[in-house]
Amino acid sequence: MTLQTVFPPSILPASSSSSFSFSSTPGPLSLLALLILLPPTIYFIHRDYQSFLSLGAGGTPQNLTGYLRIKLLSLFALPNTRIPAPIPADLRQNGYLTSLPPRAGPRPTVAGIAPHRQTSQRSPSPSTPYTSLVARIQALAQKPLNSLVEGTSCFEKHGTGLFSLRPLTRTCRGEVCHVHGSDGSLHMTLYPADAKLVIERGWGERHPIARGGFFARFVPKHFVMVYAPRDEDEVETVMRIVGAAVWWVSGECVGKDEGVMRDGRARSESDEKVVEVVRESDGDPEWVGKHMPERFCLGCRQKQYGRMQQACTS
Numbered sequence: 008m009t010l011q012t013v014f015p016p017s018i019l020p021a022s023s024s025s026s027f028s029f030s031s032t033p034g035p036l037s038l039l040a041l042l043i044l045l046p047p048t049i050y051f052i053h054r055d056y057q058s059f060l061s062l063g064a065g066g067t068p069q070n071l072t073g074y075l076r077i078k079l080l081s082l083f084a085l086p087n088t089r090i091p092a093p094i095p096a097d098l099r100q101n102g103y104l105t106s107l108p109p110r111a112g113p114r115p116t117v118a119g120i121a122p123h124r125q126t127s128q129r130s131p132s133p134s135t136p137y138t139s140l141v142a143r144i145q146a147l148a149q150k151p152l153n154s155l156v157e158g159t160s161c162f163e164k165h166g167t168g169l170f171s172l173r174p175l176t177r178t179c180r181g182e183v184c185h186v187h188g189s190d191g192s193l194h195m196t197l198y199p200a201d202a203k204l205v206i207e208r209g210w211g212e213r214h215p216i217a218r219g220g221f222f223a224r225f226v227p228k229h230f231v232m233v234y235a236p237r238d239e240d241e242v243e244t245v246m247r248i249v250g251a252a253v254w255w256v257s258g259e260c261v262g263k264d265e266g267v268m269r270d271g272r273a274r275s276e277s278d279e280k281v282v283e284v285v286r287e288s289d290g291d292p293e294w295v296g297k298h299m300p301e302r303f304c305l306g307c308r309q310k311q312y313g314r315m316q317q318a319c320t321s
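In our numbering, the protein residues as written are 8 to 321.
Calculated directly from the structure, the hints in this document are not laboratory data. The reader is advised that the hints may include incorrect statements.
[What the hints assert, rightly or not] Cross-link-like lysine to aspartate or glutamate pairs, in silico, DMTMM-like; alpha carbons within 25 Å at most:
#1 K150 - E241
#2 K150 - E239
#3 K164 - D55
#4 K150 - D55
#5 K150 - D240
#6 K78 - D55
[What the hints assert, rightly or not] Label-pair ranges, simulated between beta-carbon atoms:
#7 E243 - I90: 36 to 42 Å
#8 N70 - L45: 21 to 27 Å
#9 Q69 - S37: 32 to 38 Å
#10 A40 - L71: 23 to 29 Å
#11 F221 - S61: 40 to 46 Å
#12 T138 - P93: 35 to 41 Å
#13 S81 - S134: 25 to 31 Å
#14 Q145 - R99: 44 to 50 Å
#15 F51 - N101: 28 to 34 Å
#16 G220 - Q145: 30 to 36 Å
#17 R143 - L44: 50 to 56 Å
From the three backbone atoms N, C-alpha and C, an ideal C-beta is built for every residue, glycine too.
Given the sequences, and given the hints that come with them, work out the whole structure.
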């Protein structure tokens, strides 16, 4: 039996000489599509790269390598940075801040990952709010009892940073916060409940990659941007938030009368042992790129939180 007896000749495959084959040469339609899509693609990439550069200096090199790194990280960015992270159930549900006034007006527009900056409602150097804010932060570092020091930001590698000499919560070399001279905003690490209050009251938002887990090697999970103050009243509120960051990173109370008991005097011997373990494990200055445990010294501080809170909020 042959194929001709089974199938009609009309549906038999053509001979090898006339069989269909994919051509390795692109056809006219493919070339036309390439010519149409290539110019706008190049324009979009160029414009996006210029936007990256326009945010100014930050923790990422201002070159093509830095740009590609940020585009990769953007694939994992938080979908909404204005929704607070949940407070872990085994942590106290209230922090340093008992209340905050709502921030007046709409939130500013924010762009980028690193740099991460405001693009509206800015108070850049040398505006009066920026100058006042930096002076207030520097004043905190000038009081020996605060155990704070001023330096260049470890996260940003630019700008004024405030560091704890006795950190309890692991950040980049004990950094509490830093200020951006280009827009007047700040980044800082807050206790989960304080970060939640700051975001809900409109004073800030989460960093786009503050997810915790693997991304904690870049920024802590409760790393937030606090918007630039626009006047002296807002500087006062922002400094209250800075005080909350100092409390969380170092366990010290700032902005209180000297007669109020400070946390440094309220620690028990067992707390001090925990503190020393924290300091020893955080002693490597070249921590960048190493894992920052999301629950670093959280569960071991429950008793201490009560004394810290009483000392700082009474």
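Hints, verified against the model:
| no. | hint | result |
| --- | --- | --- |
| 1 | K150 - E241 | holds, 23 Å |
| 2 | K150 - E239 | holds, 22 Å |
| 3 | K164 - D55 | holds, 23 Å |
| 4 | K150 - D55 | violated, 44 Å |
| 5 | K150 - D240 | holds, 23 Å |
| 6 | K78 - D55 | holds, 10 Å |
| 7 | E243 - I90: 36 to 42 Å | violated, 27 Å |
| 8 | N70 - L45: 21 to 27 Å | holds, 24 Å |
| 9 | Q69 - S37: 32 to 38 Å | holds, 37 Å |
| 10 | A40 - L71: 23 to 29 Å | holds, 27 Å |
| 11 | F221 - S61: 40 to 46 Å | violated, 29 Å |
| 12 | T138 - P93: 35 to 41 Å | holds, 37 Å |
| 13 | S81 - S134: 25 to 31 Å | holds, 30 Å |
| 14 | Q145 - R99: 44 to 50 Å | violated, 31 Å |
| 15 | F51 - N101: 28 to 34 Å | violated, 46 Å |
| 16 | G220 - Q145: 30 to 36 Å | holds, 35 Å |
| 17 | R143 - L44: 50 to 56 Å | holds, 52 Å |
Hint check: violations occur at hints 4, 7, 11, 14 and 15; the rest are consistent with the structure.
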